[in-house]
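K.L.:
The residues making up each chain are set out below.
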Amino acid sequence: MQKITSIGRTRVGLIQFPGSNCDEDCVVALNRHFGLEVTKIWHRQTKLPAVDAIVIPGGFSFGDYLRCGGLAALSPIMDEIRAVAQKGMPIIGICNGFQILVETHLLEGALLPNAHGRFVCQRQGLVWSMKSMNSGANTKATISLPIAHGEGRFHADPHTVEKLKEEDRVLFTYAPNPNGSVGDIAGICDKSGRIWGMMPHPERAMEEITSGNEDGQLVWKAFFEHAMGGDANK
Amino acid sequence: MSKITFRDVTSIAKAFDAGLMPDEIKALLKRHKITDDEYQKLESSIGRKPTMAELGVFSAMWSEHCSYKSSRVHLRRFPTTGKHVVVGPGENAGVVRLEGDVCLAFKMESHNHPSFIEPYQGAATGVGGILRDVFCMGARPIANLNCLRFGKRTADRMRFLFENVVKGIGDYGNCIGVPTVGGNVSFDDRYNGNILVNAMTVGMIRENEIFKGFASGVGNYLVYAGSATGRDGVHGATMASDSFSSSSAGSKTTIQVGDPFAEKLLLEATLELLRKNLVVGLQDMGAAGLTSSSFEMAARAESGLYVELDRIPVRAKGLNAYEMLLSESQERMLLVVTPEKWPAAQAVLSHWEIDFAVIGEVTNGNRVKIAHKGVLEVDLPVAPVVDSAPKYERPMSSARKVPALKPDLPKSESVEKTLFTLLADNGSMKWITDQFDQDIGIRTVLSSRQGGAAVLKADGEWLGNSKIGVVISTACDELKCDIDPFKGSEHSVLKCARMISAAGGEPLGVTDCLNFGNPMNPEVMREISDSIDGIAQACRKLEVPVVSGNVSLYNETDGISIRPTPMIGMVGKIGDISQRKPATISASNGSVYILTPSTPSAKLNTAAYGKFFATTQSPKINDVDYAQELEAMDFVRSLSKESSVLGVRDVGRGGPLATLAKMLVSTEAGVEISGLSGDEGLFGENQGTYVIICSGDISKEYQAKLKHSKLQHVGRINESKTWRVGNEEFPSSSIYRAFNTSLDFT
Amino acid sequence: MKYEVVVSFKPEVLDTQARAIKTTLDRLGYKSLSEFKVAKRFELEFPKGTKDADDLVASIADKVLANPVSEQYRIQKLEE
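Residue numbers (our numbering), protein chains in the order written: chain A, 1 to 234; chain B, 1001 to 1746; chain C, 2001 to 2080.
None of these hints come from the bench; they were simulated from the model. This structure is a prediction, so every number in the text was calculated from the model and none was measured. Please note: incorrect hints may appear among the correct ones.
Stated by the list, open to error - Residues of chain B placed beyond 10 Å of chain A at every Cβ, according to the derived structure:
hint	residue
1	Ser1044
2	Ile1255
3	Glu1272
4	Ala1399
5	Phe1612
6	Thr1615
7	Thr1667
8	Ser1720
9	Phe1730
What the hints assert, rightly or not - DSSO-like mimics (lysine-lysine), calculated; alpha carbons at most 27 Å apart, straight line:
hint	chain 1	residue 1	chain 2	residue 2
10	B	Lys1341	A	Lys40
11	B	Lys1014	B	Lys1041
12	A	Lys87	A	Lys40
13	C	Lys2063	A	Lys87
14	C	Lys2010	A	Lys163
15	A	Lys47	C	Lys2063
16	C	Lys2002	B	Lys1317
Glycine residues also receive a C-beta, built at the ideal position from the N, C-alpha and C atoms.
Looking at chain A on its own, in the form it has when it is part of the complex (with noise of 0.2 Å):
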């Protein structure tokens, strides 16, 4: 995978899934803050266009029917995902992409429903948590992005738990824990740290007048700095 060292030439390529409603958000986002050239992909495609990176939105695809995100990763596209995963594609899974790329298995564990059985949307504070993203994007220990969700409670087995914060892949801990997620967590990343998935919603963070911060650029920037100039070997 070649290093990319200006996000401004990145190409990404967007998934819609019939449901998918933050979609235009992340494209607004990524148009106007990045310049980034954005491709929408309809689920139902085989075939991925020439993309350097993928953004799967959040949403309630399928209606969150059978389970959240259950019935979009036996969508046609995910085949193709799955395979240039394994060739090192950089992807991020945003609150029911996060999901998505769970029920994948492209990353582990489960989300369920929050601990307090409602839907929760507020301005959630975030511990960095990653020791290894040391990228000049990072230069907050704690930032505050938007949630939205229902189904956000992070859920693995203590072995798993453990072997994420062991081998760094934790992103983000919740502070406070909004929802009950095990150990806090609230995004990780897969172990060559191209594939990322966050319940938090970056693309919602990027003007202050909106979200009192800009801390989704952060986030980005993160993401396509390390994700993308990360080791393949990894």
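Once you have looked at the hints, place chains B and C on chain A.
P.N.:
Then chains B and C, alone, in the frame of chain A:
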């Protein structure tokens, strides 16, 4: 009243069509609220006895919910024109101009009766219905708001109703991806038997893309798109036109079940069909389903339709014509497409995985003919069904008995205790708003989190780099409306305008949802008429016309009617979103000012205070001084340019001190107030009153401009944990706790 | 041939929906209820004589109906 079960409809239909008048039909007519006179009018307008299916068509189209027969003569008195109006009342939604060719399409609608029976689905389908009204015109929905009234927290079933209404609104709105940014809620025992769920949607659209549904072009296809038809909601329109009795809590069969996922697909498909110019007509199947959508489109185009019900996708066995025509199964649309464009339209529907069927075609002449199993079940001229619905000037009483206030407590003991009571009754909405996605769409600048008007950006695909924003508010002061429906309604409209002005915006247009009791009761009819006149007066004086709305009558149970509740929704414009002022501040230091009418006229017994504490004044609301109101609105709007102004909030329920407390809930600041005193000064409610918090002082130059109002510096906020009001001092923790636990049901 | 697949959370997973319903039941006075579980039930029908129907059901349950990370399932044949 005998119960018609669906098993019986087919056999009853056979009997009726054969010329008999079974008892069940008499009961059916009564249930449809078709009077003997109306039935005679029906027969004479078509020149013969109707078939069962035709009876169903008339009953739905002439029901209160669809025809507004009790209120139409009064609704005419609304001002509906103005320089910002692009589409006035009578269409799916009203449209006002925001800037250039970018417009706002908006409307409010009620779903009260279904929500009382099945709160989750009733509230959810209410949200779905109003969304469809907006996107069927081609507008992209950008904001949802919800106005709710519940009974006393301890009333039977109330907790169940409350939790499920909130969940229904949240689940539907969140799934479809439209942020829920505002609304209001209150609890009052007059709603014990009739809760209110009013849903509002605001959408954005370019003027030349505004779409109205016409069934025109002889030979064009009539296409059904969306979910399959079942028995849901058969009699829905007539139920909305029906008062409850204690026995109606069991009627679950009439509830429509919503599928927000299906609606999301329908929304995207509709906007794509309209963008690509692939349809001639488009109408959502809402109240009275297939019936209203087909007849209304035919009426607009002055054309005819031929429909074959056999082609409709169904999901229940053995549906007969009557049931298919009246079904209110959700998430369905009726399209009119030319044969040339049909392949392309079909491709759009298939892409979005929407079921569809060509069910008929546009014909010449002005009749609607509907066949089922080879039999012509409906053969009606369009005009009598749509235009000749009865219009009543129902009797109104000349004066209305003002209900006596029954406060629980003899008098107010202390500032702390009074404030506690007021905030506990009308406090934090966090438990509700946390369940609504307020940020999706990344346009939300101020949402229901901070308690004032909502403010959203209009940039990007709409206005490019412009800093213009949309401001939205909702309000109804039902306590004042109960005392004086005319003045209470004026105040409700003014409250919306005050909220918009406090945020820094200017009002553009109004939508309303008029919730009242039984129109056959002359006192209620008087309430409706007076309320409409009050709204009309305020709208004229503010130069803000009514462009859409809804009426919900028969909100009464066992003879007890709700308080007159004309819910107002208002949209406005702010020139620069960076200048918006929040209604809740994030600072703990500053000066507190209050803007009031020059002559003190705050009252307690027409205020929330009077609900709890005994007062000696007779309840009478003063005439509105519009000069003062308009001056105060201009004043607070001009403050938005001042960066030292931290927050502005119009004084609402509970009076100035409660309003100040609500502004400080984020930081739980301490307070030192010396400029307000006496119960009237601290808790009285009045017109044109605002609390303003600044980091510095407001220059005397500003104050010099005021002729009808005065601006007073009344105190300061600080970082202490104490409130000092006049001579009384108390820890702030109890009052903030009252605010935060306001929605607790324990 | 008719089968029933019942999917529920694994015992170690906190089922917040079950907990919420049980709290309401407690509040309504059903205090003698000692255990309350929530499950999803799926019904699958094949034409009579379908080959390997048992295996098909197991495959469907395993690959689609249950998430192996957090859920378990049981299969019951209702009709031949």
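K.L.:
Compare the structure with each hint and give your call.
P.N.:
Now the hints, each set against the structure:
no.	hint	result
1	Ser1044	holds (49 Å)
2	Ile1255	holds (19 Å)
3	Glu1272	holds (13 Å)
4	Ala1399	holds (48 Å)
5	Phe1612	holds (30 Å)
6	Thr1615	holds (40 Å)
7	Thr1667	holds (15 Å)
8	Ser1720	holds (26 Å)
9	Phe1730	holds (30 Å)
10	B/Lys1341 to A/Lys40	holds (25 Å)
11	B/Lys1014 to B/Lys1041	holds (23 Å)
12	A/Lys87 to A/Lys40	holds (21 Å)
13	C/Lys2063 to A/Lys87	holds (24 Å)
14	C/Lys2010 to A/Lys163	holds (21 Å)
15	A/Lys47 to C/Lys2063	holds (23 Å)
16	C/Lys2002 to B/Lys1317	holds (22 Å)
Consistency note: the structure conflicts with none of the earlier hints.
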